[in-house]
Structure formats: structure tokens, C-alpha cells
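Peer 1: The residues making up each chain are set out below.
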Amino acid sequence: MAEEEKKEYWRWLESRWTSPDIDWKKGKVISAGVDVGSVSTQAVIMVDGQLYAFANMRTGSDSPNSAQNAFNRALEDTNGLTEKDVHYCVGTGYGRVNVPMAQKAITEIACHARGANFMYGPTVRTVLDMGGQDCKAIRIDEKGKVESFLMNDKCAAGTGRGMEVFSDLLTISINDVGQMSMEVEEEPEPVSSTCVIFAKTEATGLLRAGWPKNKVLAAYCRAMAGRVNELLQRVGVVKDFAITGGIAKNIGVVSRVEKLLDMKALPPKYDTQLAGAVGAALFAKGLYEKIKK
Amino acid sequence: MITAITAGIDLGAKTVKVVILKGKEVIGRGIATTGLDQKKSAEKAFDAALKEAKIDLKDLDRVVATGVGRTEAPNANSQITEVGADAKGAIFLNPAIRTVIDIGGEEGRGIKISPEGRAVDFAINEKCAAGAGAFTEAMARALERPLKEFAELALKSTKSIPMNAQCAVFAESEVVSLIHAKTPHEDISRAVHDSIADRIISMVRRVGIEKEVLLIGGVAHNVGFVNSLNIGLKLEVIVPEYPEFIGALGAALVAAEQQE
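As they're listed, the protein sequences go chains X and B.
Residues in the first sequence are numbered from 1 upward in steps of one, following our numbering.
Residues in the second sequence are numbered from 1 upward in steps of one, following our numbering.
It is worth saying that the hints were derived from the structure and are not from the lab.
Incorrect hints may have been included.
With the C-beta cut set under 7 Å, the calculated list includes, among others, these residues of chain B facing chain X [said to hold, decoys possible]:
hint : residue
1    : 36
2    : 39
3    : 106
4    : 125
5    : 128
6    : 129
7    : 134
8    : 167
9    : 168
10   : 169
11   : 242
Cβ atoms here follow ideal geometry from the backbone N, Cα and C, with glycine treated the same way.
All chains should be modelled from the sequences, with the hints used to inform the complete structure.
Peer 2: This is how it looks when you write it as C-alpha cells:
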């Protein structure tokens, strides 16, 4: 008898893209940024400060390999562009020291700030980055420079990992949990536990009490929004506001954060997971221009 | 004079415990998993304890409840806090106890006891699984071993390796990485128990650690944790028989006093 394959509900979608409007051969500076996160890795290639190509992939157990894989994937389908044509590359993220093709490593806070400034425009003053294993609230100026930030990387509450645990528990794909949580007649009270482990026990109890899955998800998304709101309040929220990272794709969390803040997040123009790598590629451009002078 | 029969019930996050006393002698104990319906779980624990004591519910002169779910206790005449119950039970077992460490499924507590036997200060962790039994349970699952076996493994470890993650969710990923890196399971178990012991010790330090130290709660059954705790504290903690029943015992003792 064939063994039934265990479904991986946490599995989010990888992606890659090339701009149809840019000819890299006409560019002066080709820069790259690689963001090796705990859960996902992004590689971005920019031509004269414009987004040309990117790849967004899952991080494997080995950082250098993950960086190389994402970089190679970004270079696919780019009209003959190779690693040698890239003038400068900056690594960032949790695995930033393990980016083989990078000349320099820059912290993810600085890169996220710079990337958000590019992706959402110069009016952004507050960035909430909700990543796989951490959550950051960053205040930035009109140039995308960091003014202050707060970070939670000690606890899974308010991170993508926490959401993965829930998608597995409820056997619903991580790509659908946000939308499903919106399909409730009445907004339930948030789950009371901060800790993901305790919240899981609490949610199991709610399911046993007959709650439908979408109501449990709504209760969890609301708790998660409350948790990141604490971080935002401590750093202080100033308009405009933008959300980056994987959880920015989760409407269930985003809409509830917006409600708590009484403020809309700017709509994303690009894949929200790219901010760190975009910032790194912009830093790479600046660094290359400096050494060329 | 007829000796009073009293009971203490401790409604915890994971289990309900009942202790029945005749005077100051324990004549029955009962335990049940906390289900969705706390009242039903409480009745189950009561039934087990009454059966062991060979008495009926109506023979009980007084019942005192404690634990997170104490307001849900059926037939309780009054309630006391977990800290008060722990202190009472601890001093009854051994009047020399000055510090009580109580680690349950979802909560960790450190209690300072005065020479007069009163709880004078306490620290509590109820927000995070990293300082509670749920942490080791999650790690045992990651190693796919029964909890008891997982705990005993730590005693065979020859090397202490650090764990970076505090959060149980992140620690689970770290344990999986350690398994992939072919780290001996003994050393992983030791690392897990060192990590939880570190968290508990820094919490209990807030109230001050003074000898004798009594370790109670379900996690006291975990020999790997006790070993790590002893190494971290540089002393030998006292682990009583039936460590998970001390809160219920304290409540029963309070019931007996009130009856007098």
C-alpha cells in the first residue's frame, strides 16, 4: 500500500521575475543584493538602481548554497546576464556572512529600511517587517535611513514560523490562512496566549469546542496583530506606514494591524519579501560608484 | 473528637489533582487530564481519590480549591492561590524549605518562604513555554521519543552544548538541525534540559534562592531536568514523592485548618 504523503501546509510559493522593460546591456551599474533569511532567501538584480530581476526561494539547511541557488535563479532568463557581469553584490539577513558572491555584508535593518523606501516611496516613515523568525518595527527618514528600530527575535509569536505552526495545526495552506480568517461573521476574541505553543493548545481546545477553522484563524490572526502592534507602539507609528516580509501577504494579519493602528498600510508594488534584498542591491550600487570614482 | 476529612483540589492547565486528608494523613490521591469541561475533569479526579480513600463525597467535611481553574471547582467551600497552596504543602513536608520551585505544564513558579513558613515573595512565568513542561514535551516530540526516555537520555550525555533558541518553536527547528548534524541524542537532551533549567534559575533568582530548595510540579519527575537544575544551582534540590500533588495537598491542609 502506498504511503500517503504528508502534506506540507506551511509551504509558501517561490517566485522569480525579470523586467521586460530593461535591457541590462545598456546599463552602467549592475548591482545585486542577496538576503539570506532564516526561512526564505531573495536575490535581486538591479540595473542603474532599477529593479531588473529577482528570485524568492526557501532557505535550505546551508546558507552559502541557499544564497547561490537564489542568485542563480535570479540570473535565469535574463538575456545572457551572468555572475561576472554583476559589478557589486551585498549580502544581508540572518545568513549575510555566508553569501559567497557578496563583496560586503550589511545588516538587515539598514537594508530593509532602504528597500522599503524604494519599494513604497519616500513618504514611508514606519516599516513593519514580519519575517520568518523575527519581527521588526523600523522608523525611517525620507531617504530610507534608519532612525530607530525594535526587534523581536526571541519568540515565535508575531512571526511567519508562528503562522506556519497554525497552518499545519489546522491543515490549511499558509497561502490561504489570511483570506480564510476574514470569512467570519463576527470577529472573535483573540487567543489569550502569546506563546505559540500555548496558543496551539488553546486553539485545539477551541476546535474541540466546535469552533470552525476560520474562526480559530481569525482569533489567532487578531492575537498576532495585537502582538506586533505592541512593538509598533513602542517604536512609535508615524505616517506613511508599510508592511514588508512574508506575513505582509497575509490579509488576515495586515487588515487587523491596520484596524488596531487606524491607519492603512501602503499597497505593495513588488513582492513584499524583497525589501531586504532590494536595499542590499541599492547599497551595492552606491558602494560600486564610490570605488569607481 | 472525630477527625475531620478534608480535600484539596488543584485545577492546573494540563491536569487536575485531588488529595484527601484524614486529619493530617493523606488517605487518597486522584489525577485526571484537564479536558474541555473542567468540572467533568475535576469530578474524575475526585472519583479516583475517593475510591482510593474508600469514602464517599458526602464524607468530606470541607474542600478547598487552587490552581488556574480553581473557580470552576465543584463542591469547593473556598479557594486559595497556587502560591499559598504550594507554600503550605512544602512546609508541611519539610519545615526547612525556604525556596519552592514549581514547574507545571504551562507555568513555572519560584516561591520564597519565610522561616515562619509563609510565602513572602514569588516570581512566575505563564507567558512562554520556554520555562515550562510544554517545552520539554515539544523537544521530546522532535526527537520522536517518549518523554521519560528523552529525560533519562540527558544523564548519559558527556558534552554540554549550548542551545541558541529560547522559544520552543525555534528550539524545535534547532533540535532538528542538531539531529541532522548527527549530534548524539544524549547531548541534545542535555542541551534542552540545561536550557529550560537556565530559564527557571534566572526566574527564581528574582526572589532569591535559599536552602533548602523543594522542586514540585509534574516536571519534577523529569530526571534530566533535575540533573540540569542541580548543576545550574550548584546544590541538590529536594524532590518529594508525588511532586505534582503538593498544591492539592496544601489546599487540603488549609481546608483542615479552616475546619478546626
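Peer 1: Under the constraints set out in the numbered hints, which ones does this structure not fulfil?
Peer 2: 2, 4, 11
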